[in-house]
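A.B. asks: Starting from the given sequences, assemble the full structure and let the hints guide the process.
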Amino acid sequence: MTDPYRILGVSPSASDDEVKKAYRELAKKYHPDNYQDDPVREIANEKMKEINAAYEEIQKIRSQTSAFSRGSSGSSGSYGSYDTSYGDGTSLYSKVRQLIATGRYVEADMILSSVALSERTAEWFYLYGLVLKQRGQYAGAADAFRAAAQRDPSNQEYQSAYQNLKNAQEKYGTFNQSQTMSTCTACDICSGLLCADCLCECCGGDLINCC
Amino acid sequence: MFGYVKPRIPELKVREYETYRSVYCGICRELKKRALFLPLALSYDFVYLALVRAALTGEVFRTKMRRCPVHPLKKRKTAEGSDSIKFTSAAALILVIGKLEDGLRDSDVSFFKKMIFAPLASYLRRRLARAKKKDPYISELSEKVSASLEAYRELEKSGCTDPDVISASFGEAMAAVMSHGLEGSAYHLARSLGDTVGRIVCLFDAADDMSSDAAKGCYNPFIAKYGSVEAAVSDLGQIDLTISLYIEKADALASLLPESGNCTALVRNISSIGLSSVLKGIILKIKEPSAHKKGRSND
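Chains A and B are the protein sequences, given in the same order.
Counting from 1, one number per residue, gives the positions in the first sequence under my numbering.
Counting from 1001, one number per residue, gives the positions in the second sequence under my numbering.
Everything labelled a hint here was simulated from the structure, so no lab data went into it.
Possibly wrong hints are sitting among the right ones.
Listed below are several chain A residues computed to face chain B (Cβ distance under 8 angstroms; list not exhaustive) [unchecked claim]: (1) A142; (2) Q169; (3) G173.
Note that the Cβ used here is the ideal one computed from N, Cα and C, for glycine as well.
C.D. replies: Here is the structure:
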C-alpha cells in the first residue's frame, strides 16, 4: 500500500495540525468542483479519493498510536489486545518488536516517536536504533544503539547490537581495536632478554650464559 | 565534484587500472566536446558514475591511443564512443552548473570569484541548452537534479541538525543521476548505490571541511548536530562509525552488481576499500591536522 504520508506530502513526524493543513490544501486543489466540464475531472476525482483515504488512514493510525502512549483500554481495532499493560511500556515494545520483525518500520517508528522523552528507556533506544538502521539512517542508529548500551550496560542484547555496528567500523573506519591495542610478541620477549643480558654484562654479571 | 570516490590503486589489477585510466581520459575528452574548460571540473566521482553505468549495462569500453594537451608526449589509452561516458559528461555539465550557481548564491564567495563564476555559468547554461535540444533525456535529468539540489539547499538554509536527513537529500540527487534511463533491477540497484554513495560524499565533505566551515561560519551538518567543532571532534568515533556503516552498505550493494569484468571489479574496489581509505585519511587529518595537510590523499 502507498504511504499515506507521502500522498499528503508531509513527514510521519508532522503534527496533527500540519497533517490537517496539508489535507485541506490538497482537497482545495483537487476538489472536483474546480474541474467542471474539464476532461481532467475524472483524474481529479480519483486524486480526491486517494487524498481522503490517506487522511483517514493517518487519523486511524494516530488514534491507535495515542491509545498506546496513553495506556487507555477499550480501543477498537487490531491493537486492542495490547491495551492493558502500557503503564510500563513492556507490551508497547513487544508490539514494536513484532512490527520490526514483519518489516513495518514506519509504523514502529511512529509508535516509538509517540513515547514521551522522559519515558524513553534503554529498550526504547535499542528499538529506535533497529528501526533507523533498517530505514538506512545510520547516524541516528549509531547514536540510539550507543544510548541503549550506555543506559543499560548489563544488557547483552544492547551491548552486542552496538558491538555489531562497530564491526563495520573495524572493517572500514579508523577506530579499530587492533590498531590501538599494544601486543607483546615472541620477538619482543627475545629482544627484551637480550637487552637485559647486555645490561647485566655491563655490570659484571650474566643473564644468559651462552651469549 | 568532490573527488572522494576513488579506487585504492595498490589493490587493483593492472588491467583494471588501465581501464580506470582509459575511462578517466575518455570522460575528459567527452567533457571537452560538451564545453570548453569543462575538463577542469573532471573528478574521480564522475569516473565512478561511468563505471557503475557500464557495469550495470554490461558495456565494454573500446579504447584508442590518443594524445591530449595534458599528456602531449605520450599517447594514452582513451575510452571512446561509450554511452556511459557520454551520459557522464552530460551529468557532469548539469552538476557543474549547479555547483557554480551555489557559488554565486553563497555570500562567503569573494566578489572576484563571482566575477569568474557568472560568465562561466552562463556559458555552460548555453551549452546545456544546446545539449538538451540534441538529447531530450538531458533536460529530464537536469530537472531531476535541480529539484534534488534545491531540496538540499533548503535544508542547508534551515540549518538541518540531522546528518541522515541532509545527506539523504544529496543522496537523492546522486540516485537520480545514476539511475536515469535504466530499467528493472539495474534501475533499483543504481538508485540504491547512488543514494548511499551520495550520502557518503556529503558526510565526507562535512567531516573534511569542519574546521574551515567553522572559520567561515558556513553551514556544516556535523557542527549543526554537535553545536561546535570541538564537540564534534570529541565524538569523532561516532562520526567514523556512521560513515563506516554507510560504506558497509555501499560495499554490500556493489557486490550485487553483475559479474561483468573490469568495471564491476573497479566499482567494488572503490565502494569498499577505496571509500574506506578516504575515510581513514579524513579522520586522521582531523586528529592530526599538521601531519595530514591533505586528508583526501590516497595511495
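A.B. asks: Using Cβ atoms only, decide whether G173(A) comes closer than 8 angstroms to chain B, and label the hint accordingly.
C.D. replies: 4 angstroms, holds
A.B. asks: Under 8 angstroms is the threshold here; is the Cβ of A142(A) close enough to any Cβ of chain B for the hint to stand?
C.D. replies: 5 angstroms, holds
A.B. asks: Under the criterion of a CB-CB separation shorter than 8 angstroms, is Q169(A) in contact with chain B as hinted?
C.D. replies: 4 angstroms, holds
Of the numbered hints given earlier, the model fails none.
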